[in-house]
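Chemist: Listed below are the residues making up each chain.
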Amino acid sequence: MTQHEFDADRLIEASLPLLGLELSEASRKVVEMHLETAELLWRAVRDFPLDDEAEPAPVYTA
Amino acid sequence: MSLATHMMSALEIRAAVASGEASASEIVEATLERIEALNPKLGAFTDITADRALARAASIDASRASGKTLGPLAGAPFAVKNLFDVAGLTTRAGSLINRDRAPAGADATIAARLEAAGAILVGALNMGEYAYDFTGENAHDGPSRNPHDHGRMTGGSSGGSAAAVAGGLAALSLGSDTNGSIRVPASLCGIFGLKPTYGRLSRAGTFPFVASFDHVGPLARSVGDLAASYDAMQGPDARDPAQAARPIEPTSPGLDGGLAGLRIARLGGYFTRGGEPAAFAAVDRIAGALGATQTIELPGIEAARASAYLITMVEGAALHADRLRDRADEFDPEVRDRLIAGAMLPGAWVVKAQKLRGWYRERVAEAFGAVDILLAPATPCRAPLIGQKTFVLDGHEMLIRPNLGLFTQPISFIGLPVCTVPVWTEGVALPIGVQVIGAPWREDLVLRVARALEREGAVRAPIGEIA
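So the protein lines, in turn, are chains A and B. Going by this note's numbering, 51 is the number at position 51 of the first sequence; the sequence numbering is gapless. Going by this note's numbering, 223 is the number at position 223 of the second sequence; the sequence numbering is gapless.
Treat the hints as calculated values from the structure; they're not laboratory data. Glycine is no exception: its CB is placed at the ideal position from the N, C-alpha and C atoms. Don't take each hint at face value.
[Stated by the list, open to error] Sample of chain A residues at the chain B side, in silico, Cβ under 8 Å: (1) His-4; (2) Ile-12; (3) Gly-20; (4) Leu-21; (5) Val-31; (6) Leu-35; (7) Ala-38; (8) Ala-44; (9) Val-45; (10) Arg-46; (11) Leu-50; (12) Ala-54.
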């Protein structure tokens, strides 16, 4: 499997026009940090084995 | 009246009003005086509803004079996190942006239910902007301050809710809890907080954050007050589509049922790492008081917490997408930049996280086949200093704002009911909380255990000495 290094800056660059947002340089660094944290957390979710049939489960029922 | 009413629980106030020892008007006048004197030091209230409270108190006093039966919370002052609608007030949800909105036309459902039970609304409370916060700081209204040390955080996002109760400015308050926003401030301010099962109490008339995880519940200085207020707030409400079709299941009648027959265990693994020793010592104390010797580990905790974190980022970003585009400069920058990052995450991440949530819920349900109550730390540390940005946990420097809830987040992720109980150590000025966790819909058991601990003296919620 090909491993791609996560590049938060490229994600920001691609997303900003799509979202209609602008970022100051200071904010850009903070957003980058939050994206890197999210990507680290995503690895734990990504690597967790689940069946294709696994159902999303938003609520309990009575 | 010579009563120190600010020291009284809601149920004690009700008894005093019913017996004629104090009138509801006297209680409210004393409460408003205390708020006026101390709120500048605590930053708990953002709105004070004095005229409304006095009118409501006069109405209760008139009811008593005419021999009518008083409600179970008659005369008890309470306040609500300012994301709850209050008729005539703008629901700011801790933000600057929402102050442009029209005043609410009616109270949030559970606030109205508390008033129907005789409680008296005295105001709305400070909170972290749009509830994306564990610190209790607010860029627009200033921080709420911990009544036990004004230089320290209340915890958030229901920071004002905890400060008001721990400071004796209200007997009860309402908060919301998406990832820990009742339990974290209850822990740092040394009071009791109840996060009911997801879908139990109506969220109608509250400003949302993460629809998948948003809960509402009470904070108080006694377990009896938590139970009485929770009982008064139950019941169906068609205005909250996430509410489950549960019957009203009162907890107060069985509150003193004790521990007999209950199987209690502490959570191991993830819940024994990543905190300061005080967090784990508090769990030791509570486990010891309950005679709980068993430890169990839940599978997939790290992935569960990660899932909750990612869902929160994305759902929060979706909620605020228009405001981020049109009014970015009016956000607290610390909130805005987290939300913007959330807007950039792939949708497939969230779907996998929601699937993992279903898997994890099933595994935890299996665990509850062998145990009734689980114990875990509520926060990784006692209250940090206001303005402090990072802390060191297990040798790693981490941001406080997203990580104060690292022990609460995996529990609310699947909506389990939790009562946070306050633990004090002799010679230490600050408290820390422990989560008493039950199976879905077993609020009765978590409150029963909290009550047993309270009666034994293992937990308590003293008012902060405010100089």
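Chemist: Take the hints in turn and mark each one as holding or not.
Modeler: Going through the hints against the structure:
Hint status for A:His-4 relative to chain B: violated, with the closest Cβ pair at about 13 Å, above 8 Å. For the restraint placing A:Ile-12 at the interface with chain B, the shortest Cβ-Cβ distance is roughly 7 Å, inside the 8 Å limit, so the hint holds. With a cut of 8 Å, the hint placing A:Gly-20 at the interface with chain B holds, because the nearest CB-to-CB distance is about 5 Å. At about 6 Å, the closest approach between the beta carbon of A:Leu-21 and any beta carbon in chain B falls short of 8 Å, and the interface hint on this residue holds.
Annotation: A:Val-31 was flagged as interfacial toward chain B, and the flag holds, the nearest CB pair being 5 Å apart, inside 8 Å. For the restraint placing A:Leu-35 at the interface with chain B, the shortest Cβ-Cβ distance is roughly 5 Å, inside the 8 Å limit, so the hint holds. Nearest Cβ of chain B to the Cβ of A:Ala-38: about 6 Å, under the 8 Å cut. The hint holds. Here the hint on A:Ala-44 is kept, as its CB sits about 4 Å from the closest CB of chain B, short of 8 Å.
Interface restraint check: A:Val-45 against chain B, minimum CB-CB distance 5 Å, threshold 8 Å, status holds. A hinted interface residue such as A:Arg-46 counts as satisfied when its beta carbon comes closer than 8 Å to some beta carbon of chain B; here the least separation is about 7 Å, so the hint holds. For A:Leu-50, the interface hint holds, since its Cβ comes within 8 Å of a Cβ in chain B; the closest pair sits about 5 Å apart. The interface hint given for A:Ala-54 is met, as the beta carbon of that residue sits about 4 Å from the closest beta carbon of chain B, less than 8 Å.
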